[in-house]
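Asker: Chain by chain, the residues:
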Amino acid sequence: MSHWLAAAGGNSASIPAPHVEYGQLSPMLVVFGAAVAGILAEAFLPRRARYWSQVTIALLGLAGAFTAVIVLASQGYGSTRVDLLAMGAVALDGPALFLQGVILLVAVVAVLTYAERKVEPKAGGVPVDAFVAQAAATPGGEQERAAVRAGFASTEVFPLTMFAVGGMLLFPAANDLLTMFVALEVFSLPLYLLCALARRRRLLSQEAAVKYFLLGAFASAFFLFGTALLYGYAGSVRLGDIADVISGEAPATQALLSTTQNDALLLIGLALLSVGLLFKVGAVPFHSWTPDVYQGAPTPVTGFMAAATKVAAFGALMRLFYVAFPGLRWDWRPVMWGVAILTMVVGAVLAVTQQDVKRLLAYSSIAHAGFILTGVIATNKQGLGAVLFYLLAYSFVTLGAFAVVTLVRDSRGEATHLSSWAGLGRRSPLLAAVFALFLLAFAGIPLTSGFTGKFAVFQAAAAGGATPLVIIGVLSSAVAAFFYIRVIVLMFFSDPQPGGPTVAVPSAFTATAIGVGVLVTLGLGLLPQYFLDLASKVSPFVR
Amino acid sequence: MNSLIPLLVAAPLAGAALLLLGGRRLDRFGHWLATAFAALSFAFGLALLASMLGRETAERQVDVNLFSWIPVNGFQADVGFQLDQLSITFVLLITGVGTLIHLYSVGYMAHDERRRRFFAYLNLFLAAMLLLVLADNYLLLYVGWEGVGLASYLLIGFWQHKPSAATAAKKAFLVNRVGDMGLSIAIMLMFAEFGSFAFGPLLGSEGTAGAVGQASEGKLTAIGLMLLLAACGKSAQVPLQSWLGDAMEGPTPVSALIHAATMVTAGVYLITRSASIFNLAPDAQTTVVVVGAVTLIFGAIVGCAKDDIKKALAGSTMSQIGYMILAAGLGPIGYVYAIMHLVTHGFFKAGLFLGAGSVMHGMNDEVNMRHYGGLRKYMPVTFVTFGLGYLAIIGFPGLSGFFSKDKIIEAAFAKGGTEGWILGGVTLLGAAITAFYMTRVMLLTFFGEKRWQPDAEGHEPHPHESPSTMKIPMIVLAFGSVFAGGLFTLNSSFLHWLEPVTGHAEGDSPLSPLTVTLITTLCMVAGVAVSYLMYGRSPVPVVPPVGSALTRAARRDLLQDDFNHAVLVRPGSALAAALVYFDSRGLDGFVNGLAATIGGVSSRLRRIQNGYVRSYALSMFGGTLVLVATTLLMRSV
Amino acid sequence: MNPVNYLYLAGLLFTIGASGVLIRRNAIVLFMCVELMLNASNLALVTFSRLHGNLDGQIIAFFTMVVAAAEVVVGLAIIVSIFRTRHSASVDDSNLMKL
Amino acid sequence: MSYLLTATCAVPAAGAVLTAALPAGTDDGRRRVTKIVALAVSLATLALAALVAVRFEPGGARYQLTESYSWIRSFGITFSLGADGIGTVLVLLTAVLVPVVLLASWHDADPERGAGGTADPATFENRRRTQAFFALILAVEAMVLVSFLATDVFVFYVFFEAMLIPMYFLIGGFGDRAGGPESARQRSYAAVKFLLYNLLGGLVMLAAVIGLYVIAQDQGFATFDLPTLTGAVADGKLVVNPTAEKALFLGFFFAFAVKAPLWPLHTWLPNAMGESTAGTAVLITAVVDKVGTFAMLRFCLGLFPDASKTFAPAILVLSLIGIMYGALLAVGQKDIKRLIAYASISHFGFIIMGIFAMTSQGQSGATLYMVNHGISTAALMLVAGFLISRRGSRLIADYGGVQKVAPVLAGSFLIGGLATLSLPGLAPFVSEFLVLVGTFTRYPVIGIIATFGIVLAALYVLVLYQRTMTGPVKDSVRGMHDLKVRELAVVAPLVALTILLGVYPKPLTDIVNPAVDATLSQVHETDPAPAHPVAATPGGEQK
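Protein chains in written order, with our numbering: chain A, 1 to 543; chain Y, 544 to 1180; chain E, 1181 to 1279; chain G, 1280 to 1822.
Incorrect hints may have been included.
To be verified - Straight-line alpha carbon distances no greater than 30 angstroms define the calculated DSSO-like cross-link-like pairs of lysine-lysine that follow:
{"id": "1", "chain 1": "G", "residue 1": "LYS1525", "chain 2": "A", "residue 2": "LYS381"}
{"id": "2", "chain 1": "G", "residue 1": "LYS1683", "chain 2": "Y", "residue 2": "LYS705"}
{"id": "3", "chain 1": "Y", "residue 1": "LYS705", "chain 2": "G", "residue 2": "LYS1763"}
{"id": "4", "chain 1": "G", "residue 1": "LYS1753", "chain 2": "G", "residue 2": "LYS1683"}
{"id": "5", "chain 1": "G", "residue 1": "LYS1753", "chain 2": "Y", "residue 2": "LYS705"}
{"id": "6", "chain 1": "G", "residue 1": "LYS1516", "chain 2": "G", "residue 2": "LYS1588"}
{"id": "7", "chain 1": "Y", "residue 1": "LYS705", "chain 2": "G", "residue 2": "LYS1613"}
{"id": "8", "chain 1": "A", "residue 1": "LYS381", "chain 2": "G", "residue 2": "LYS1516"}
{"id": "9", "chain 1": "G", "residue 1": "LYS1763", "chain 2": "G", "residue 2": "LYS1683"}
Please keep in mind that the hints were generated in silico from the structure rather than gathered at the bench.
Given the sequences, and given the hints that come with them, work out the whole structure.
Answerer: So this is what it looks like as structure tokens:
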């Protein structure tokens, strides 16, 4: 036993006092603070006051955090200055700051869709939102009916979301594997819960939650085991240290001499870490949760999850590959090639036969993950900028699309089956046109943000020597176009079904969310230069 | 004076445009307007002739360049006219006979509600034909060439409500298009070889050599054959003759116009105009002669078997044009006579057709000669003018046809050697058959007993003489039929007139001219005699006898349509149908199949998404294993 | 004892956990198997910590435990609520959404 | 810098927005306002286009009236416009045809007349239908104009692709009266087919565009500017290795060949032209498809001269097949509009043949062919549309003897048909002959075989005319009224242009010739010299 203690004791003297740069960490701190404030509000405010106060707290928190991001950026962080915060656990560099900004904007829009209370019919005389009256009540049970009658609402979704946002902010900024793991869990756990909170179709919602949770935990376990192996290999979980060890620049200790002999540790660790991240990204073959969860979760949550999770996870994935494993490029690139190809092709092909609009969007998000991966694989400066831009473009299209889905309703809630979308363009041309715009952006039609993003990513990939990926990407885009167009055909050129869904008139919240989606989609399509600059001028990853 | 040249074309063209665009308000006097425009053009022609006659032989050719038409690097097509002895001859024939036919049509079409349009088309026909003979380059000639095709299409199909007329018009245009293809290729060959297709630089003019002399004989033969193909189409020569008989679906004045003054003469013009090319391409010339000889006999045989008066005349036209083509193929010894026969033929054939029209006019539009008979008493003027045309065409001594045909037969013998004998024999045979079938027409129509039949509505025909607007042209043409040949032969005036353009060579005939004339006349008499024995002495059956195999075939135009149908139409339709199938099932099927495959793969792949969380976990686990394995493998490779 | 043996054990535990996730039906057991995988990682971390002679691994293990505890809270909440609805904890019963 | 070109493109674009925004309604008055506004906009565009043609100096620089605005600096993309001879005549064509099409389609979007609307006139869709139709046409015009004028590869690509969307809605949303109950399905099938084919082509081109950029970037030309790129290629400063050049050429060419369309990529055209309104069909074949052939001349030859020459024989064979195949299929058609579509396929074969014959006659001819085919097909198709609108059937067999009841209609149809079969004296003859001659001088065999096409053209045109217009009057056409004043106003300019450009095409050839010279010199190709040029014996002076 003694040598264990000795090992520990040997270092005890050198444990430095932690130094935390609160100013630079303020975006995350503000969000977490708002989340805690939300919990407190949930605990102490009367039921009537909760909704408005929660919305206000969440929006204020996000706005504050976004302001902090802007302030940091104006101080030169992310472009000319980079820093490592909290003893090197958190990176403050271009990609991190950019993605944090994107996540915060996404979160603002998502909170707006959460706050929608005009679409759902009133319950107990009170306007309600898309979330369950009382999560603990059994679906269809007496307790639930009572809760509905009383006009209860799950206002805790706001603080939960804020926690998730906080985790997401941390995830792409995490500079060591531990922080990354913790951030992963911090944003995943609230999402598991949020998935379960749908007001309608609660069975599906719960099923989505349980699937997401079990598979997410499974994936986390892989991530953690990968962390352990890498720690074993490099003796550190700091990304920069791992890179040093791989490149042989680290001072060789006795332990390192023995562990670095075994590349299996390194390679298996790398593979397992990738599994954890690719799961969150929704890449094939780790995608199977996506359609079920997207379908079952409350639609505002789906939108948030689809947009923000992808942003955060790709940020982390890139940081991992760019910072920790640049020296292993020749090992992971072929594998990632395979994953990217599979993801693009399977996503596109499977979407072709989908009948549910949310599942369709889920498969589409899988295909898009594949497109983004081609940019990740480029491993050049252009690739980084392109991926950042793509994430920005994609997330707002996604949010907008899911926000539209919340508005197409029949007596049982949202009418997500595609057949009920037939003739939507004839009943409600404006909404259908907006949705068509989002679909066209997904399909990558020029003059939409989707095209600019796709162009940027493919261009980077081609410049990085991944021409075959570009060609496969282009071909699967063509397949993908097929099902986007199918929906457009359905909306505009099919006759509406009798007794089909109606389009709810949303409040300003959802209207704003959709409006922002449209604006960003067109803006990034027509005049993308400013944002391309923003994405391409970011500093490289800090080590 | 030269500024009149464009007006030659412009006058009838303006007439056509005016009549077509003018609308109903021109219905009352439009036909006179059109006739006036045609006459105006004729007047211009006469003025130009006078002016030309006033100049020295060497200065008779006049070139007018109007404007640059298609200028592209290295490719220059102009709108320009060349007026020389050859073209003025055609101009006068076209406008002169054309004006007469206009006049005739005033009476003939008096009761047609679309008369204005008919005259517009007639004017268009004249304009196109004039453009054809006046153009100073092949491409502009091509415009006139197809313009003639268009006008003939419009006129043959004038009675569009009759499906047969519409079909005949379409057929005429299509067959002509095949010929046009030849002209088109010929022009392309010229351009590729010489970088130009203008007459002057290419063919040379009197005393100067054109560029054609520098090209290889092979190239020139190719060009010549392509020009021949074009000529076959327009002039209804074998193998592109099939449209001519059907073209009788048009109103009779149209037939007269097509057969006498315009259209079918275009091929002869083309070959004569391209003399410089053909003179250097003996193989092409031989082909021309063969085509002419075959058509000569072919047309004559068809003419013998037809009971439809117009179709019998059509066969005759084919045969007579065969004479001209043959003559033109003989080279310098024949060019002048080809044109001379063309002009005399223009008179008598126009007269014959107008006479036939007059007969039909009086017989409720009946065309079957077996339902005529004894008409000479009822239509004396028609009988006399038709009779003079008849005498002219069979080569009755002293009349136009006698002189011009005789010269061709002489030239055929003058070709020399075995060829000369064969050609001479063929032309003589043709003369005999011509006499036979024309006598048959004459006998069936104007002699013998009445075999009139009530028409479809039961009206008995009441044959009567035609109005004077119809009679006058017939009389004028009869004068031409009688005297033109003699006039031309007097002092070899026609020869001296055209020689500077076409060149002329005296052949080396094994027989003296007198001998040829005698034999020709004998052949003619024989033909008349046989015909009289068959049709003049016994009553003609109203229902045609079955006849020999040859007769039956000849009635069906020697099976040409059957041949075309079997060789071109049926395989063509089958090919089109097959391609339609291929397009929808093959190409589209491939694409749809691809889409279906993707859909099928999608449906199958979907089953993996079975809803069981453990199977999702399994796929993740499997994926992880693969990921790990490949990562490790990548390193070991 | 050679610390590498602990690593073998960790690998074994991880595999057992993963196999458990794949073959068991009960959601709770499934979840326990995941916990087993997490703990296998912990064991590996601690072992490596010993190997490298630094404390990082041990500290990570503590974090992992906290995270695992949080996961339990969330997981059980979800599993219990679905159990109440369906009166079954079998994950195979939750397959309304597929294809 | 003048703003003329931008204005030319911007006027219809603004007009589209304006038209779409006009007040909705089902009364004729509101609709008429919409139509008149759209027509006025298109006439203003025509005026601007005419100004462009007037300002264009045939002997001047290759690209004139150039404008350039920074757009996406990150990728070296500028919004650059410039008129060259070829582009100018096509701009004129477009500007002339759009008002004609608008006038011809005057009632096609009225819900009670055209197909595709719903029965209830009060629906939003029906109230907006007219506005939508006219706005879409103007939008297409704007995009086509940009495509013809763009001197930036990326800008061209963007508008080349983006125009698919308004075209798609025009095809899918608005049909002619002839549709039965099946027609809605057929129409949406046609629209989807159109979009997918062209999108696939566009995506393949996207890969090539990216590839071109990446290669150029490697050699210091991080730009999409066409003159810069072609100049660099010509000067040998930008060297693309032959394999890559071939691949890039094929990528570009594929997109253009789908659009043009070249056999065997043509199958979308008969569906699209058959199912849409006559006006839309004209827009497709006379305007939009021309972008494809135009782009072959401007982009394929300029950017990839060597590959163009390598593939020229193969492309010539395909175009030859297209000529014969299109004509034969036209012969076999039962549907008037499909017949015209197949005829167009045959004509596009001629255009492509002229381009790749690589002679000045061929390419000048091809350019004129684009213009002339546009005008003649417009005449034929629009008159066919008038015919169909009267009887409500597209089947040839349903007509007969129309000439008797509607002589002016029949006459116009005949003139359109004669132009289609390239009757000398009418405009198409000039171009067809130039193409044939230009092909013949380099590839005699192909030139001769192609000449057979003129016989087949006569066949399908005359058969069509005979079956519909001649013969005894069928009961179904009895009482059919002749062309009205509006319809005459549609036909008259087309007929006038057909004749004018047939007799005096010099104004066009003067503009086109220098541009063709420039194109030919880009591919380092000169016309084959005649064996015995006439110039050697000028006028027979020498003996």
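Asker: Next, verify each hint and record whether it holds.
Answerer: Hint by hint, here is what the structure shows:
Restraint check: the Cα-Cα separation between LYS1525(G) and LYS381(A) comes to about 28 angstroms, which is no more than 30 angstroms; the hinted pair holds. Note on LYS1683(G) and LYS705(Y): the hinted pairing holds, with a Cα-Cα distance of about 11 angstroms set against a maximum of 30 angstroms. A threshold of 30 angstroms between alpha carbons decides the hint, and for LYS705(Y) with LYS1763(G) the separation of about 27 angstroms falls inside it, so the pair holds. Of the pairs offered as hints, the one joining LYS1753(G) and LYS1683(G) holds, with about 10 angstroms between alpha carbons and a cut-off of 30 angstroms not exceeded.
Proposed proximity of LYS1753(G) and LYS705(Y) is supported: the alpha carbons are some 13 angstroms apart, at most 30 angstroms. Restraint check for LYS1516(G) and LYS1588(G): the C-alpha separation of about 20 angstroms stays at or below 30 angstroms, so the hint holds. Restraint check: the Cα-Cα separation between LYS705(Y) and LYS1613(G) comes to about 22 angstroms, which is no more than 30 angstroms; the hinted pair holds. The straight-line distance between the Cα atoms of LYS381(A) and LYS1516(G) is roughly 26 angstroms, inside the 30 angstroms bound, and the hint therefore holds.
Note on LYS1763(G) and LYS1683(G): the hinted pairing holds, with a Cα-Cα distance of about 16 angstroms set against a maximum of 30 angstroms.
Of the numbered hints listed earlier, not one is contradicted by the structure.
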